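Enquirer: The task is simple: from the sequences and hints, build the whole structure.
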Amino acid sequence: MGTIDIRGLGKVYPGGTRALRDLNLEIADGEFMIFVGPSGCGKTTALRMIAGLETIEEGEISIGGTVVNRVEPRKRDVAMVFQNYALYPHMTVFDNIAFPLQAEGRRKQEIKERVEEAARLLGLGELLKRKPRALSGGQRQRVAMGRAIVRKPQAFLLDEPLSNLDAKLRMQMRAELSTVQRTLGVTTVYVTHDQVEAMTMGTRIAVMRGGLLQQEGTPELVYDRPSNMFVATFIGSPGMNLLNCPLVADGPDDLRCVVGEQRIPAPKELHGALERFAGSKVVVGIRPEKLTDAPPHARPGDDSAAGSLRGEVTVVEMLGHERLIQVEVPGEPVAADPELENLRRPGDGEKNEPSAPGKAVIYARFSPSSTVKPLETVDIPVNPADLHFFDPETGEAIR
Numbered sequence: 001m002g003t004i005d006i007r008g009l010g011k012v013y014p015g016g017t018r019a020l021r022d023l024n025l026e027i028a029d030g031e032f033m034i035f036v037g038p039s040g041c042g043k044t045t046a047l048r049m050i051a052g053l054e055t056i057e058e059g060e061i062s063i064g065g066t067v068v069n070r071v072e073p074r075k076r077d078v079a080m081v082f083q084n085y086a087l088y089p090h091m092t093v094f095d096n097i098a099f100p101l102q103a104e105g106r107r108k109q110e111i112k113e114r115v116e117e118a119a120r121l122l123g124l125g126e127l128l129k130r131k132p133r134a135l136s137g138g139q140r141q142r143v144a145m146g147r148a149i150v151r152k153p154q155a156f157l158l159d160e161p162l163s164n165l166d167a168k169l170r171m172q173m174r175a176e177l178s179t180v181q182r183t184l185g186v187t188t189v190y191v192t193h194d195q196v197e198a199m200t201m202g203t204r205i206a207v208m209r210g211g212l213l214q215q216e217g218t219p220e221l222v223y224d225r226p227s228n229m230f231v232a233t234f235i236g237s238p239g240m241n242l243l244n245c246p247l248v249a250d251g252p253d254d255l256r257c258v259v260g261e262q263r264i265p266a267p268k269e270l271h272g273a274l275e276r277f278a279g280s281k282v283v284v285g286i287r288p289e290k291l292t293d294a295p296p297h298a299r300p301g302d303d304s305a306a307g308s309l310r311g312e313v314t315v316v317e318m319l320g321h322e323r324l325i326q327v328e329v330p331g332e333p334v335a336a337d338p339e340l341e342n343l344r345r346p347g348d349g350e351k352n353e354p355s356a357p358g359k360a361v362i363y364a365r366f367s368p369s370s371t372v373k374p375l376e377t378v379d380i381p382v383n384p385a386d387l388h389f390f391d392p393e394t395g396e397a398i399r
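According to my numbering, the sequence shown is numbered sequentially starting from 1.
Hints were generated in silico from the structure; no laboratory data involved.
Since the structure is predicted, the reported quantities are computational estimates derived from the model, not experimental observations.
There could be a bad hint or two in this list.
Calculated lysine to aspartate or glutamate pairs in the DMTMM-like style (CA-CA distance at most 20 Å, straight line) [claimed, not checked]:
id, residue 1, residue 2
1, Lys373, Glu289
2, Lys268, Glu332
3, Lys290, Asp379
4, Lys75, Glu60
5, Lys131, Asp95
6, Lys359, Asp337
7, Lys373, Asp337
8, Lys290, Glu328
9, Lys290, Glu275
10, Lys268, Asp391
11, Lys281, Asp293
12, Lys281, Glu261
13, Lys359, Glu332
14, Lys129, Glu110
15, Lys112, Glu126
16, Lys152, Asp194
17, Lys152, Glu72
18, Lys152, Glu110
19, Lys290, Glu393
20, Lys359, Glu220
21, Lys373, Glu332
22, Lys152, Asp29
Expert: Take a look at the structure:
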């Protein structure tokens with residue numbers, strides 16, 4: 001059984017830098033778990049501790065039901081794939097894949113069978129006699145994966161394996177790695193800073209920041225119900241729009257968010273949780289794809305009157321399948337997170353100058369046939385059911 005149990009895991013480096021604090025996760029046999037977060041969040045440290053490349057000072061790691069805190073890396077029955085492939089340039093593809101089996105003293109026939117099986121799975125059958133210098137980046141990554149596969153370990157540990165590839169090849173390799181993992185059914189822990197990789201490949205993702213686990217769950221859960229403002233803005237391209245909004249009571253059982261002259265109703269099912277913020281401010285979030293030029297559609301059981309956001313278009317980006325619109329609306333923007341400001345990703349849109357005082361910039365996704373232009377005023381329908389609310393002091397979701 002390739003289960004991995006992580007309990008109370010912590011790591012402090014010499015000099016007092018804490019890389020990881022009280023990480024607790026249970027990774028099921030055959031699961032594809034992805035650790036995602038910005039640089040320095042502790043994701044690679046956690047992976048290296050599972051592999052045995054970092055000492056475990058706090059907590060406990062079990063692999064297949066056996067505590068491995070003091071077990072040597074080579075005896076943990078895991079296979080690691082690195083960002084830089086780590087191929088031997090003087091060896092053929094066959095010998096690179098076969099190397100761990102040769103080091104174990106396996107029989108030649110067994111080595112041949114395992115290498116050929118892995119090569120078939122990875123589409124390397126015609127390349128076994130080539131040297132790494134004759135391969136593309138994607139092919140080299142497949143060879144590195146093949147070397148892990150032939151070992152038949154309890155778990156694969158992948159440390160940003162696609163980050164050296166261009167965008168088109170990354171997309172192709174994402175699909176290939178996902179297919180290989182499903183075919184083999186081997187427990188896989190995958191580290192990346194790319195939330196697109198996390199969302200498209202993982203059966204479960206763990207979002208990390210500053211050495212702390214922020215949220216774990218299926219990609220759908222993390223995207224639809226972020227636990228805090230960091231997760232809301234880190235997951236998604238672009239991330240969730242956030243605004244500081246006064247919350248007012250317009251009458252009994254009628255709470256509304258004030259955005260300029262617009263008063264958008266809060267979902268009735270959240271009134272109980274939001275009541276303590278009435279008369280003060282909350283952070284309101286909405287995903288860009290929920291702000292469109294399409295007519296709003298009422299949802300079953302949604303009896304709230306829809307509101308709208310009115311603002312001035314500042315940027316229109318034609319992306320083929322849609323137009324990504326930046327709109328300046330009256331309101332108070334949420335202070336920029338330095339970790340996210342420095343992390344630009346495909347789909348984030350053009351980087352803006354700071355908005356004018358009393359204004360905030362939001363993103364919307366319009367149809368490709370939209371004729372909206374910069375400097376025009378638009379009214380964007382808002383369905384209250386699409387709103388998220390966060391505590392402005394703690395950043396935690398209000399539910």
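Enquirer: Keeping to a limit of 20 Å between CA atoms, is the pair of Lys268 and Glu332 held or broken?
Expert: Outside the cut-off at roughly 24 Å; violated.
Enquirer: Given the hinted pair Lys75 and Glu60, is their Cα-Cα distance within 20 Å?
Expert: holds (17 Å)
Enquirer: Is the hinted pair Lys131 and Asp95 satisfied, with a Cα-Cα distance of at most 20 Å?
Expert: holds (9 Å)
Enquirer: Lys152 and Glu72 were given as a pair; does the straight-line alpha-carbon distance stay at or below 20 Å?
Expert: Holds, at roughly 18 Å.
Enquirer: Would the pair Lys281 and Glu261 pass a check requiring their Cα atoms to be no farther apart than 20 Å?
Expert: Satisfied, since the Cα-Cα distance of roughly 16 Å is no more than 20 Å.
Enquirer: Could you grab the alpha-carbon distance between Lys152 and Asp29 and see if it respects the 20 Å cut-off?
Expert: holds (14 Å)
Enquirer: Holds or violated: Lys359 with Glu332, Cα cutoff 20 Å?
Expert: Cα-Cα ~6 Å, so holds.
Enquirer: For the pair supplied as a hint, Lys152 and Asp194, confirm whether the alpha-carbon distance does not exceed 20 Å.
Expert: violated (27 Å)
Enquirer: Is the hinted pair Lys290 and Glu328 satisfied, with a Cα-Cα distance of at most 20 Å?
Expert: With Cα atoms ~17 Å apart, Lys290 and Glu328 stay inside 20 Å; holds.
Enquirer: Can you confirm whether the C-alpha distance between Lys373 and Glu289 stays at or below 20 Å?
Expert: The given pair, whose Cα atoms are some 19 Å apart, holds under the 20 Å limit.
Enquirer: Holds or violated: Lys290 and Glu275, Cα atoms, limit 20 Å.
Expert: Cα-Cα ~25 Å, so violated.
Enquirer: If you draw a straight line from the CA of Lys359 to the CA of Asp337, is it 20 Å or shorter?
Expert: Judged against 20 Å, a Cα distance of about 18 Å means the pair holds.
The structure is inconsistent with the numbered hints 2, 7, 9, 11, 16, 19, 20 and 21, although it conforms to all the rest.
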